[in-house]
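> So the chains spell out like this:
Number of protein chains: 2
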Amino acid sequence: MSSVVTDHNVTEHGVPDGQPLIFAHGFGCDQQMWRHVAPLFTDRYRVILFDYVGAGKAQREFDPERYSTLDGYAADLARICRELELDNIALVSHSVSCMIGVLAAKRLPGRFSKHVMIGPSPHYLNDGDYRGGFDREDIDELLESLDSNYRGWSRAMAPVIVGPENGPELAQELEESFCRLNPDVASVFAKATFLGDNREDLADYRVPTLILQANNDRIAGPAVGQYTAEQIEGSQLIYLEADGHCPHLSAPDEIIDSIESFL
Amino acid sequence: MSSVVTDHNVTEHGVPDGQPLIFAHGFGCDQQMWRHVAPLFTDRYRVILFDYVGAGKAQREFDPERYSTLDGYAADLARICRELELDNIALVSHSVSCMIGVLAAKRLPGRFSKHVMIGPSPHYLNDGDYRGGFDREDIDELLESLDSNYRGWSRAMAPVIVGPENGPELAQELEESFCRLNPDVASVFAKATFLGDNREDLADYRVPTLILQANNDRIAGPAVGQYTAEQIEGSQLIYLEADGHCPHLSAPDEIIDSIESFL
Numbered sequence: 002m003s004s005v006v007t008d009h010n011v012t013e014h015g016v017p018d019g020q021p022l023i024f025a026h027g028f029g030c031d032q033q034m035w036r037h038v039a040p041l042f043t044d045r046y047r048v049i050l051f052d053y054v055g056a057g058k059a060q061r062e063f064d065p066e067r068y069s070t071l072d073g074y075a076a077d078l079a080r081i082c083r084e085l086e087l088d089n090i091a092l093v094s095h096s097v098s099c100m101i102g103v104l105a106a107k108r109l110p111g112r113f114s115k116h117v118m119i120g121p122s123p124h125y126l127n128d129g130d131y132r133g134g135f136d137r138e139d140i141d142e143l144l145e146s147l148d149s150n151y152r153g154w155s156r157a158m159a160p161v162i163v164g165p166e167n168g169p170e171l172a173q174e175l176e177e178s179f180c181r182l183n184p185d186v187a188s189v190f191a192k193a194t195f196l197g198d199n200r201e202d203l204a205d206y207r208v209p210t211l212i213l214q215a216n217n218d219r220i221a222g223p224a225v226g227q228y229t230a231e232q233i234e235g236s237q238l239i240y241l242e243a244d245g246h247c248p249h250l251s252a253p254d255e256i257i258d259s260i261e262s263f264l
Numbered sequence: 002m003s004s005v006v007t008d009h010n011v012t013e014h015g016v017p018d019g020q021p022l023i024f025a026h027g028f029g030c031d032q033q034m035w036r037h038v039a040p041l042f043t044d045r046y047r048v049i050l051f052d053y054v055g056a057g058k059a060q061r062e063f064d065p066e067r068y069s070t071l072d073g074y075a076a077d078l079a080r081i082c083r084e085l086e087l088d089n090i091a092l093v094s095h096s097v098s099c100m101i102g103v104l105a106a107k108r109l110p111g112r113f114s115k116h117v118m119i120g121p122s123p124h125y126l127n128d129g130d131y132r133g134g135f136d137r138e139d140i141d142e143l144l145e146s147l148d149s150n151y152r153g154w155s156r157a158m159a160p161v162i163v164g165p166e167n168g169p170e171l172a173q174e175l176e177e178s179f180c181r182l183n184p185d186v187a188s189v190f191a192k193a194t195f196l197g198d199n200r201e202d203l204a205d206y207r208v209p210t211l212i213l214q215a216n217n218d219r220i221a222g223p224a225v226g227q228y229t230a231e232q233i234e235g236s237q238l239i240y241l242e243a244d245g246h247c248p249h250l251s252a253p254d255e256i257i258d259s260i261e262s263f264l
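Protein chains in written order, with the numbering used here: chain A, 2 to 264; chain B, 2 to 264.
By construction, these hints were calculated from the structure, which means they are not laboratory data. Please note that the accuracy of each hint is not assured.
Some chain A residues well away from chain B (every beta-carbon gap over 10 Å; in silico) [what the hints assert, rightly or not]: (1) V11; (2) R67; (3) C180; (4) S262.
FRET-style restraints, in silico, Cβ to Cβ [as the list claims (entries may be wrong)]: (5) B/E13 with A/D136: 35 to 45 Å; (6) B/E138 with A/E201: 31 to 41 Å; (7) B/R181 with A/L264: 42 to 52 Å; (8) B/E177 with A/D148: 23 to 33 Å; (9) A/D130 with B/Q227: 14 to 24 Å; (10) B/P40 with A/T12: 54 to 64 Å; (11) B/D254 with A/V6: 48 to 58 Å; (12) A/K58 with B/E170: 30 to 40 Å; (13) B/D254 with A/D148: 22 to 32 Å; (14) B/A224 with A/D130: 13 to 23 Å.
Okay, the calculated bits of chain B under chain A, using three or more residues with CB under 8 Å as the criterion [to be verified]: (15) 169 to 182; (16) 210 to 219.
Ideal Cβ positions, reconstructed from N, Cα and C, are used throughout, including at glycine.
Hey, can you work out the whole structure from these sequences and the hints?
Rendered as structure tokens:
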């Protein structure tokens, strides 16, 4: 029988009977991406890390059908919470994981008590007045480029995602992380990410939410962060000093402080 | 005696007694960057290509003092025009060359008759209401990163400049072009480029100007293109369908058409 622990390489740290604090990584990453942030919470929380299917050391078999939308990933996150019998969950999510977290929380009403979103976007495509940041044509080009040359795509995208302000080392780290993902998995996950539309899921989302919006985020810009904050009733929006789409890598101290003061 | 031809690897193509059409390359590039565009004009124009000091096959000695501002480069471009006895000059410039072109034209009043700017920016720094696109802190980080690891910087910046929409091959080409530049030259040129402020030079610029503003230009965004157009009296602004800061590489046909219809 498959175990959720081996399926998603679930690792636990800190206080076993403390409040569960889950860190959910983004596209092309794994739980290692939280290494500068998560350890700072192990003195008070039951810190739970995991890898999505296809990422890190997750052993779950990849099913292109199941994972063609974010619901598949959300079902996995919900399964982790259910099988570990978690309640009063605090979730810290990055990038696409923010919307996966919204969908997972909706599958387990009342079980999530706080949600910190780092660089969320409910929809990457421009659509009338909504400015997701990308034209459909751009996204199609990005996805074609990913399919035809995933290594090259990773090399070109990583610096744009991390932000050149943060120097080449972080970009290279992210590129290497991307390259550890199987290209077929990456293709399906990228389509689910960039073509998804979760705007309607925000309107009735009631988990108290903090949105962290970095400077010069070229993937989810300030207009998207602001939109997300406006849609989620009662949410807070903080504009970070950190640059780029991966502030938990480039400016962990600011992320740690923001999470701490919100939790 | 040094010759302007060897100093700047000046090459001429096309109709010897035609109207001079100069193509001026940007930071970290050389005249090869015009290879998709310039040949389309050799049937009607005297096409002139050159390399700035430190770039391509330019033999002129690099003087960090002279080239600490864009005036040094402008003096070189003006010298080329003077020594070749050019008049009724049409100039096509990319990126930092747009402002170099403005300064050069001012050194030779009446000699320039048309100016096509691709991705111009008179000032990269945000300054009050002016949105150049970069905070001072970001630029300082970029310049520090360039000084400490130029190869890494090139690798991180090239995809951001070219735009990931255009695939990894172009980013790699630009990265390799950057890497052919001596890091000390690159450092001085980058400072002159990113810290310069040529906004006041636009107000009395009277050369008929066409500004080509690409989509998703992460170096000189639409607000900067619009500002430039507003400042140069009588200029035209075209929003390209092409993406990124190097449309002459990624979408040469659109650039060729735009130049042709303007000239």
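> Hint by hint, say whether it matches the structure.
Structure-based check of all given hints:
1. V11: Answer for A/V11: holds, closest chain B Cβ roughly 33 Å.
2. R67: 28 Å, holds
3. C180: A/C180 is indeed farther than 10 Å from all Cβ atoms of chain B, at 12 Å.
4. S262: At about 23 Å from chain B, A/S262 clears the 10 Å cut-off, so the statement holds.
5. B/E13 with A/D136: 35 to 45 Å: 40 Å, holds
6. B/E138 with A/E201: 31 to 41 Å: 38 Å, holds
7. B/R181 with A/L264: 42 to 52 Å: Once the Cβ atoms are compared, 50 Å apart, the range 42 to 52 Å for A/L264 and B/R181 holds.
8. B/E177 with A/D148: 23 to 33 Å: 24 Å, holds
9. A/D130 with B/Q227: 14 to 24 Å: 20 Å, holds
10. B/P40 with A/T12: 54 to 64 Å: The hinted range 54 to 64 Å holds for B/P40 and A/T12, with Cβ atoms some 59 Å apart.
11. B/D254 with A/V6: 48 to 58 Å: 55 Å, holds
12. A/K58 with B/E170: 30 to 40 Å: 33 Å, holds
13. B/D254 with A/D148: 22 to 32 Å: Holds - the Cβ-Cβ distance for B/D254 and A/D148, about 24 Å, lies within 22 to 32 Å.
14. B/A224 with A/D130: 13 to 23 Å: Distance hint for B/A224, A/D130 holds at roughly 19 Å.
15. 169 to 182: Result for this restraint: holds, n = 4.
16. 210 to 219: This one holds; 3 residues, not fewer than the three required, reach chain A with a Cβ under 8 Å.
Going down the numbered hints, you'll see the structure goes against none, and every one checks out.
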